[in-house]
Amino acid sequence: GENVEQHPSTLSVQEGDSAVIKCTYSDSASNYFPWYKQELGKRPQLIIDIRSNVGEKKDQRIAVTLNKTAKHFSLHITETQPEDSAVYFCAASLETSYDKVIFGPGTSLSVIP
Amino acid sequence: GAVVSQHPSWVICKSGTSVKIECRSLDFQATTMFWYRQFPKQSLMLMATSNEGSKATYEQGVEKDKFLINHASLTLSTLTVTSAHPEDSSFYICSASGAYNEQFFGPGTRLTVL
Chain C
1 GENVEQHPST
11 LSVQEGDSAV
21 IKCTYSDSAS
31 NYFPWYKQEL
41 GKRPQLIIDI
51 RSNVGEKKDQ
61 RIAVTLNKTA
71 KHFSLHITET
81 QPEDSAVYFC
91 AASLETSYDK
101 VIFGPGTSLS
111 VIP
Chain H
1 GAVVSQHPSW
11 VICKSGTSVK
21 IECRSLDFQA
31 TTMFWYRQFP
41 KQSLMLMATS
51 NEGSKATYEQ
61 GVEKDKFLIN
71 HASLTLSTLT
81 VTSAHPEDSS
91 FYICSASGAY
101 NEQFFGPGTR
111 LTVL
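Going down the list, the protein sequences come from chains C and H. Residue 52 in this note's numbering sits at position 52 of the first sequence, with consecutive numbering throughout. Residue 114 in this note's numbering sits at position 114 of the second sequence, with consecutive numbering throughout.
By construction, these hints were calculated from the structure, which means they are not laboratory data. Beta carbons are placed, not taken as given, at the ideal position from N, Cα and C, and that holds for glycine. Among the clues, some could well be false.
[As the list claims (entries may be wrong)] Beta-carbon label-pair distances, calculated as ranges:
{"#": "1", "chain 1": "H", "residue 1": "Ala99", "chain 2": "C", "residue 2": "Glu15", "range": "36 to 44 Å"}
{"#": "2", "chain 1": "C", "residue 1": "Gln45", "chain 2": "H", "residue 2": "Ala99", "range": "13 to 21 Å"}
{"#": "3", "chain 1": "H", "residue 1": "Ser18", "chain 2": "C", "residue 2": "Pro8", "range": "34 to 42 Å"}
{"#": "4", "chain 1": "C", "residue 1": "His7", "chain 2": "H", "residue 2": "Gln60", "range": "40 to 48 Å"}
{"#": "5", "chain 1": "H", "residue 1": "Ala99", "chain 2": "C", "residue 2": "Lys68", "range": "20 to 28 Å"}
{"#": "6", "chain 1": "C", "residue 1": "Pro8", "chain 2": "H", "residue 2": "Met45", "range": "39 to 47 Å"}
{"#": "7", "chain 1": "H", "residue 1": "Leu68", "chain 2": "C", "residue 2": "Ala70", "range": "25 to 33 Å"}
{"#": "8", "chain 1": "H", "residue 1": "Arg110", "chain 2": "C", "residue 2": "Ser9", "range": "18 to 26 Å"}
{"#": "9", "chain 1": "H", "residue 1": "Pro40", "chain 2": "C", "residue 2": "Glu5", "range": "33 to 41 Å"}
{"#": "10", "chain 1": "C", "residue 1": "Asp59", "chain 2": "H", "residue 2": "Ser18", "range": "37 to 45 Å"}
{"#": "11", "chain 1": "H", "residue 1": "Gly98", "chain 2": "C", "residue 2": "Ser18", "range": "45 to 53 Å"}
{"#": "12", "chain 1": "H", "residue 1": "Pro40", "chain 2": "C", "residue 2": "Lys68", "range": "32 to 40 Å"}
[Said to hold, decoys possible] Covered by chain H, per the in silico footprint, the following chain C stretches (three or more residues, Cβ under 8 Å):
{"#": "13", "segment": "44-53"}
{"#": "14", "segment": "104-112"}
Produce the complete structure using the sequences and hints provided.
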């Protein structure tokens with residue numbers, strides 16, 4: 001089955017700096033890669049996703065890159081703000097609505113004012 | 001985006017009792033829902049895939065007789081923790097799939113078993 005690894009497990013950055021979180025997956029059939037942000041005690045929120053037919057996607061300060069050959073994908077947050085502090089999870093799945101989504105172990109991001 | 005509700009938001013029960021958690025998709029029909037549990041400072045661990053009108057598919061290591069899942073309609077899935085014990089205390093979250101497998105999560109249920 002699919003296995004998703006994520007690094008680093010914790011990340012501290014100064015406000016205004018960039019943050020990068022990297023993930024790898026094992027199942028070459030996976031073609032949908034979402035990223036979720038979870039604040040303490042709350043539900044995960046989808047912040048960006050990428051599908052295997054594109055290599056990069058950007059939404060304001062957030063970007064995701066995908067290298068299907070290497071089975072790597074990364075989240076980039078620029079100009080970080082204190083409200084970006086949260087746990088971020090990457091995930092991998094097939095693109096069908098009945099396929100399970102496998103989550104990485106998470107990265108706790110702290111943005112220091 | 002789609003809205004998924006979960007009830008109750010928190011529950012405290014005595015060891016040996018059963019607890020039912022409901023997950024509803026409020027504005028769309030979900031043929032597939034997923035149940036996760038999350039321990040403090042850990043990731044979401046998939047417990048089972050709930051399919052409307054059929055039996056749930058459980059992940060390896062999850063006891064299907066202990067965690068009963070029923071998906072009786074396109075908008076409702078329930079998880080019943082039977083004979084709960086303190087080690088079952090956790091944060092239980094459901095999700096429903098959109099057309100392209102984007103996941104819409106419920107707010108979660110915090111279960112504490114005394």
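Quick rundown of the hints versus the structure:
1. H/Ala99 to C/Glu15: 36 to 44 Å: Holds: the Cβ-Cβ distance is about 37 Å, inside 36 to 44 Å.
2. C/Gln45 to H/Ala99: 13 to 21 Å: Since C/Gln45 and H/Ala99 have Cβ atoms about 19 Å apart, the given range 13 to 21 Å holds.
3. H/Ser18 to C/Pro8: 34 to 42 Å: holds, 40 Å
4. C/His7 to H/Gln60: 40 to 48 Å: violated, 25 Å
5. H/Ala99 to C/Lys68: 20 to 28 Å: holds, 22 Å
6. C/Pro8 to H/Met45: 39 to 47 Å: violated, 20 Å
7. H/Leu68 to C/Ala70: 25 to 33 Å: Given range 25 to 33 Å: violated, Cβ gap about 41 Å.
8. H/Arg110 to C/Ser9: 18 to 26 Å: For C/Ser9 against H/Arg110, whose Cβ atoms are near 23 Å apart, the range 18 to 26 Å holds.
9. H/Pro40 to C/Glu5: 33 to 41 Å: violated, 21 Å
10. C/Asp59 to H/Ser18: 37 to 45 Å: holds, 43 Å
11. H/Gly98 to C/Ser18: 45 to 53 Å: At roughly 30 Å between Cβ atoms, C/Ser18 and H/Gly98 fall outside 45 to 53 Å, so the hint is violated.
12. H/Pro40 to C/Lys68: 32 to 40 Å: Roughly 34 Å apart at Cβ, these two residues keep to the hinted range, so it holds.
13. 44-53: holds (count 5)
14. 104-112: That given contact holds, which follows from 4 residues of the segment 104-112 of chain C lying within Cβ reach (below 8 Å) of chain H.
Consistency note: the structure conflicts with the earlier hints numbered 4, 6, 7, 9, 11.
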